[in-house]
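**Student:** Sequence:
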Amino acid sequence: MIRKIGVMIIHAGDLSVLSVITELETIAPVVAVQGNVEEDEVMLKLPIKREIVVGHCRIGMVHILGDSRDQVRLARQEFPSARCVVFGHSHIPYNQEHGEQLLFNPGSATDRRRQPRCSIGLLYVDDEAQSVRGEVIWL
Numbered sequence: 015m016i017r018k019i020g021v022m023i024i025h026a027g028d029l030s031v032l033s034v035i036t037e038l039e040t041i042a043p044v045v046a047v048q049g050n051v052e053e054d055e056v057m058l059k060l061p062i063k064r065e066i067v068v069g070h071c072r073i074g075m076v077h078i079l080g081d082s083r084d085q086v087r088l089a090r091q092e093f094p095s096a097r098c099v100v101f102g103h104s105h106i107p108y109n110q111e112h113g114e115q116l117l118f119n120p121g122s123a124t125d126r127r128r129q130p131r132c133s134i135g136l137l138y139v140d141d142e143a144q145s146v147r148g149e150v151i152w153l
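In my numbering, the protein residues as written are 15 to 153.
Quick caveat, the hints were computed from the structure, so don't treat them as lab data.
We put the beta carbon where it would ideally sit given N, CA and C, even for glycine.
Here are the simulated distance ranges between beta carbons: (1) Arg-131 / Pro-94: 29 to 37 Å; (2) Trp-152 / Ser-95: 26 to 34 Å; (3) Glu-37 / Leu-136: 15 to 23 Å.
Please build the complete structure, drawing on both the sequences and the hints.
**Tutor:** Here is the structure:
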């Protein structure tokens, strides 16, 4: 069986400069939201939050999703119909199902903060199985 595989880069903010999108677009199409350390040109071009649909899966995107105690509540409040919410800010990877919603923070490819290594994430959207799952990749 041949399965359709699509690739896109979902960036949850802290690009700093708009040229990061241009560089990433040489790899795959990019969908992004602004972070909290952006230059003005990034803030003018990118929204604070957005929703996209990949196959059957509605994905919410935001940089800051509150502190860890409020993330589940805020994800449901900000993105009530999203199957997955991708967020950043803490640079700490997080990949956890909460009821019918996956909360996913891939960490950071450039700033490991308190983590042992930098990381990126992969989201797998399977239309046939009607599922989505996240995977953190340590660099």
